[in-house]
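Next come the chains, spelled out residue by residue.
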Amino acid sequence: MKKIILCLVVICSLLLMACPKEDVVRKAAKASYSLSGLTADVAVAAQKAYHDGLIDVHSKDRIAVWLKQISKGGKQFTALTEAAHKSQVADAGTINSLNLILSTEITAPFLEILQELKILSKDASDFLQTAIAALRSAILVISSALSTTKVIASNRFIKNNRFAGVVEMRFIYA
Amino acid sequence: MPEKNKIATLAEITTDILLAEIGRRAKARMMTVEQLLDESDANWKRADDEIEKLSKLGHEEK
Chain Y
3 MKKIILCLVV ICSLLLMACP KEDVVRKAAK ASYSLSGLTA DVAVAAQKAY
53 HDGLIDVHSK DRIAVWLKQI SKGGKQFTAL TEAAHKSQVA DAGTINSLNL
103 ILSTEITAPF LEILQELKIL SKDASDFLQT AIAALRSAIL VISSALSTTK
153 VIASNRFIKN NRFAGVVEMR FIYA
Chain G
67 MPEKNKIATL AEITTDILLA EIGRRAKARM MTVEQLLDES DANWKRADDE
117 IEKLSKLGHE EK
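Read top to bottom, the protein sequences are chains Y and G. With the numbering used here applied, the first sequence closes on residue 176, and no number is skipped along the way. With the numbering used here applied, the second sequence closes on residue 128, and no number is skipped along the way.
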């Protein structure tokens with residue numbers, strides 16, 4: 003029995019280790035899927051909040067403006083991801099562009115909306131503050147999916163390496 | 067609406083958003099890149115429709 007359990011544990015570990023690391027395009031596609039869904043959900047939630055008298059028309063209008071900005075940036079992000087997927091190459095330039103859109107056009111306005119909600123609920127229960135903090139964390143995790151740290155380090159390495167072509171391909175699909 | 071109910075409603079709204087996101091992440095693991103991008107396009111369209119409705123609220127009389 004112990005041997006059977008040990009075998010199962012080893013097989014499961016091997017299966018888990020065998021899962022390939024996600025490539026940049028897949029990470030970007032997942033981020034796009036999450037963010038687009040979040041944007042739609044927040045728009046619906048803001049309508050409900052307005053109908054229930056939780057936010058006034060000025061807050062509602064501010065949130066609508068930020069959501070429009072997110073939608074515009076988000077569609078650019080999705081289009082760029084699609085292009086990278088079709089060309090099967092996600093070079094450093096593409097990744098940097100994706101990161102820029104993610105941080106300035108999508109994450110920043112989302113955080114503004116959460117700040118608006120936080121201000122409105124400044125005397126609110128711990129539970130609400132925790133829920134807003136959790137949503138903020140979720141958005142920041144999504145936006146860090148395409149961290150540029152690796153790109154910058156790899157760019158320096160690629161420049162100095164005479165096998166640059168091979169290294170670049172390995173980086174893209176690492 | 068009493069303040070206590072407002073807070074409860076806001077907490078419920080925020081939690082619903084979080085739960086929807088957890089559901090999406092679980093679903094995303096089993097989707098291909100093409101499926102993720104197609105769903106993104108559909109979500110952005112839905113978002114635009116909802117944002118349009120949100121923008122019009124409170125300005126219908128004008």
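Worth double-checking, as some hints may not be accurate.
[Unchecked claim] Listed next, with one range per pair, are the computed distances between beta-carbon atoms:
#1 Ser146(Y) with Glu126(G): 39 to 49 Å
#2 Glu118(G) with Gly55(Y): 19 to 29 Å
#3 Glu114(Y) with Lys119(G): 12 to 22 Å
#4 Lys119(G) with Ser146(Y): 27 to 37 Å
#5 Glu24(Y) with Glu126(G): 42 to 52 Å
#6 Val59(Y) with Asp115(G): 32 to 42 Å
[Said to hold, decoys possible] Using 30 Å as the maximum straight-line C-alpha spacing, the simulated DSSO-like pairs for lysine-lysine come out as follows:
#7 Lys111(G) with Lys74(Y)
#8 Lys88(Y) with Lys74(Y)
#9 Lys122(G) with Lys77(Y)
#10 Lys122(G) with Lys29(Y)
#11 Lys93(G) with Lys88(Y)
[Said to hold, decoys possible] Chain Y residues, not near chain G, derived (Cβ > 12 Å throughout):
#12 Ser38
#13 Ser73
#14 Asp93
#15 Ser105
#16 Leu113
#17 Thr132
Just so you know, the hints here were simulated from the structure itself, not pulled from any lab data. Note that the coordinates shown come from a computational prediction; the quantities given were computed from them, not determined experimentally. Positions of the beta carbon are idealized from the N, C-alpha and C atoms, including for glycine.
To see whether the hints hold, each was checked on the structure:
no. : hint                                 : verdict
1   : Ser146(Y) with Glu126(G): 39 to 49 Å : holds (41 Å)
2   : Glu118(G) with Gly55(Y): 19 to 29 Å  : holds (22 Å)
3   : Glu114(Y) with Lys119(G): 12 to 22 Å : holds (20 Å)
4   : Lys119(G) with Ser146(Y): 27 to 37 Å : holds (32 Å)
5   : Glu24(Y) with Glu126(G): 42 to 52 Å  : holds (46 Å)
6   : Val59(Y) with Asp115(G): 32 to 42 Å  : violated (20 Å)
7   : Lys111(G) with Lys74(Y)              : holds (11 Å)
8   : Lys88(Y) with Lys74(Y)               : holds (21 Å)
9   : Lys122(G) with Lys77(Y)              : holds (22 Å)
10  : Lys122(G) with Lys29(Y)              : violated (35 Å)
11  : Lys93(G) with Lys88(Y)               : holds (23 Å)
12  : Ser38                                : violated (3 Å)
13  : Ser73                                : violated (5 Å)
14  : Asp93                                : holds (17 Å)
15  : Ser105                               : holds (18 Å)
16  : Leu113                               : holds (14 Å)
17  : Thr132                               : violated (9 Å)
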